[in-house]
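A.B. asks: Chain residues, written in single-letter form:
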Amino acid sequence: MSMLSRAATVAPPGFNRWLVPPSAIAVHMCIGQVYGFSVFKVPLSQALGISAPIEGDWSVADIGVAYSIALAMLGLSAAIFGKWVERSGPRLTMIAAAICFCGGLALFALAVKLHALWLLYAGYGVLGGIGLGLGYIAPVSTLVKWFPDRPGMATGMAIMGFGGGALIGAPLAQELMKHFSSATSVGASQALLVMAGLYACWMLLGAIIVRVPADDWKPAGWQPKTTAKRLVTDASVSADQAWKTPQFWLLWLVLCLNVTAGIGILGQASPMIQDMFKVSPGAAAGFVGLLSISNMAGRFLWSSASDLTGRKGVYCIYFILGAALYWAVPWTQRSGNLLLFVVTTAVIISMYGGGFATVPAYLRDLFGTYQVGAIHGRLITAWSAAALIGPTLVDRISEAQKNAGVPAEQTYNFTLHLMAGLLLVGLICNLLVRPVHTRHHL
Amino acid sequence: MSSIKLAVVWILVLVPLTWGVVKSVEKSLPLFERSSAETQR
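Protein chains in written order, with the numbering used here: chain C, 1 to 442; chain Y, 1 to 41.
Bound-form chain C, shown alone (with noise of 0.2 Å):
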C-alpha cells in the first residue's frame, strides 16, 4: 500500500518533467471512451434479434440512459472524491480510476450477456461513471503542478487526451464487435472485456509512470514572474472556502454555458448536416470524424495560447469569435457553401474543447494548486449540468420547429441563435470575474 500512497509517487531530483504528461494522457485517453459510447446503441438494441430489433431488446433509448448516468456520476464522484484524491495523490487514484472504469466495462459486457438492463447501468453507469471522475481530475491537478510556467500547455495535454479518447474508443469498439460478431451474437460482450483489459494496461501505466513534484519544486531556471498579472494569485484556497466566492460560480456559469453551446451543435452535427446540405449519412459521419479531431486538437491549441493571451482573455475569444460564429452558420446555409459550414463549426467546436481544457488553470490562477484538483472536482458538476440541459434544449427546440411547419434547413436557426445569446450571458459572466478576495486565502 505504502508505494500507492502520495509519499511514494513524490518525483526525485533530476526527474524529467516530460514523462508526465503521457502518464496524464494514457488516462484520458481510456475514460474518454464515454464519448464514443453511442456507437454500442444499435447493435444493443438488437442483441437478442441480431439482424433487428424483436420483441424484448432495449431501445435505443434506454440504452442511453446509461451514457447520462455516467456523464451524471462524472461531476458527482469528481465533487465528492476531489479532496481524498488530493490527500492520497495522483497514483492510486488512477488505479481507483482503473478498477472503476474497466471494471464498469467489465460489468457492462455482464449486462449484455445476462441481458440485464439495471446492470447495464450499475456497472458502466454508475461505477463506470465513478472511474470516470476520479480519472478526469487527478492527472489535471498533478499536471498543474509540474507546469508551473505553463499551466495552460500541461492542462491542455491530459485534456486533448479524453477529446482523442473518443476517437479511439468508438473505431476500437467497432473493429472489435465486428471480428466477435457471429450468427448468435452482435459480439459487444466480448469487444467490451477487450477493451475493459487494453484501457486497465493503459490506465495503469499511467498510474506506474506518475509523480508529483516536491513541495520545493521548481522548474529549472524558472522564476515566478515578480510583475504578477492580476487574476494570477500565489496564495491558496481550500475547496470548502474556493466554493463560498463568486468568483467560483462566475466560473461554473462559464464552463456551462460554453459546453450547452457546444452540445448545440455536437448533439445535432449529424443531423443538422443531412438537413441544412442535404448530405448522405456516410459524408454526415465524416462531418462529425472532424468535429472530433477539432474538439481533440482545441483542447490543446486553445488552453496553450491561454498561456499567453491569459485565461480571462482567451475565454472572451470563445464567447465572441463563438457567438459571431454561431450567428453566422445559418448564413452558410443560405449560401449554400458547405466547406464554410465544416470550417465554421470546427472552430466553434474547437472552442468548446478549449473551454474544457483552459478552466483547471483558470482555476489555478484564481485559487492556486493548493486543492485545484478538488475545486475542478466540484467545478465539473457544470459539465453534468450543461450535458442535461443541452441537448434537451436543441431537441425540444429542433422538434418545435418542425412541428410548425419550418422547412428542415431552417429549423436549426433558432438554436443557433440562441447559443450565440447563451455565449454572450457567458462573457458577461467571464468580464465579472475578479481577483479572489485575501479573506478567502490559507
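Think of the hints as simulated: they come from the structure by calculation, not from any bench.
Please note that the accuracy of each hint is not assured.
As a list, the in silico DSSO-like pairs of lysine-lysine whose alpha-carbon atoms are at most 30 Å apart [to be verified]:
(1) 41/C x 218/C
(2) 312/C x 83/C
(3) 23/Y x 178/C
(4) 23/Y x 41/C
(5) 41/C x 278/C
(6) 113/C x 178/C
(7) 113/C x 83/C
(8) 83/C x 244/C
(9) 218/C x 23/Y
(10) 23/Y x 113/C
(11) 225/C x 312/C
(12) 178/C x 83/C
(13) 278/C x 23/Y
(14) 23/Y x 5/Y
(15) 218/C x 278/C
Fit chain Y to the known structure of chain C by using the hints.
C.D. replies: Frame of chain C, contents of chain Y only:
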C-alpha cells in the same frame, strides 16, 4: 536511460491517438469528396 524511457512512454500514448485520428480522417473522406464534386460542378 531516461531518454529511452521518455521516448517509449510517449510512443505508447501517441500510437493509439494517431490511430484514432487516422480512423477519423478516413471516416471524413466522403465529406471532402462531396465538397470537391460541388467545386467541380
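A.B. asks: Need the status of pair residue 218/C, residue 23/Y: alpha-carbon distance at most 30 Å?
C.D. replies: Outside the cut-off at roughly 40 Å; violated.
A.B. asks: Residue 225/C and residue 312/C: Cα distance at most 30 Å?
C.D. replies: holds (18 Å)
A.B. asks: Compare the distance between the alpha carbons of residue 113/C and residue 83/C with 30 Å, and conclude whether the hinted pair is satisfied.
C.D. replies: violated (37 Å)
A.B. asks: Just to be careful, I want the Cα atoms of residue 41/C and residue 278/C compared with a cutoff of 30 Å; is the pair within it?
C.D. replies: Between residue 41/C and residue 278/C the Cα gap is close to 25 Å, so the pair holds against 30 Å.
A.B. asks: Are the Cα positions of residue 278/C and residue 23/Y separated by 30 Å at most?
C.D. replies: holds (24 Å)
A.B. asks: Decide if the proposed pair is consistent with the structure: residue 113/C and residue 178/C, CA atoms, cutoff 30 Å inclusive.
C.D. replies: Holds - the C-alpha atoms of residue 178/C and residue 113/C are around 17 Å apart, at most 30 Å.
A.B. asks: Given the hinted pair residue 312/C and residue 83/C, is their alpha-carbon gap at most 30 Å?
C.D. replies: holds (26 Å)
A.B. asks: When you check the alpha-carbon spacing of residue 23/Y and residue 41/C, does it fall within 30 Å?
C.D. replies: Given that 30 Å is the threshold and the Cα spacing comes to 20 Å, the pair holds.
A.B. asks: Given the hint that residue 178/C pairs with residue 83/C, test it: the Cα-Cα distance must not exceed 30 Å.
C.D. replies: Answer violated: residue 178/C to residue 83/C is near 42 Å, above 30 Å.
A.B. asks: Check whether the Cα positions of residue 83/C and residue 244/C lie no farther apart than 30 Å.
C.D. replies: holds (16 Å)
A.B. asks: For the pair supplied as a hint, residue 23/Y and residue 178/C, is the alpha-carbon distance within the 30 Å limit?
C.D. replies: holds (15 Å)
A.B. asks: Does residue 278/C lie within 30 Å of residue 218/C when you go C-alpha to C-alpha?
C.D. replies: At roughly 55 Å apart (the allowed maximum being 30 Å), residue 278/C and residue 218/C break the hint.
Going down the numbered hints, you'll see the structure goes against 1, 7, 9, 12, 15, while the others check out.
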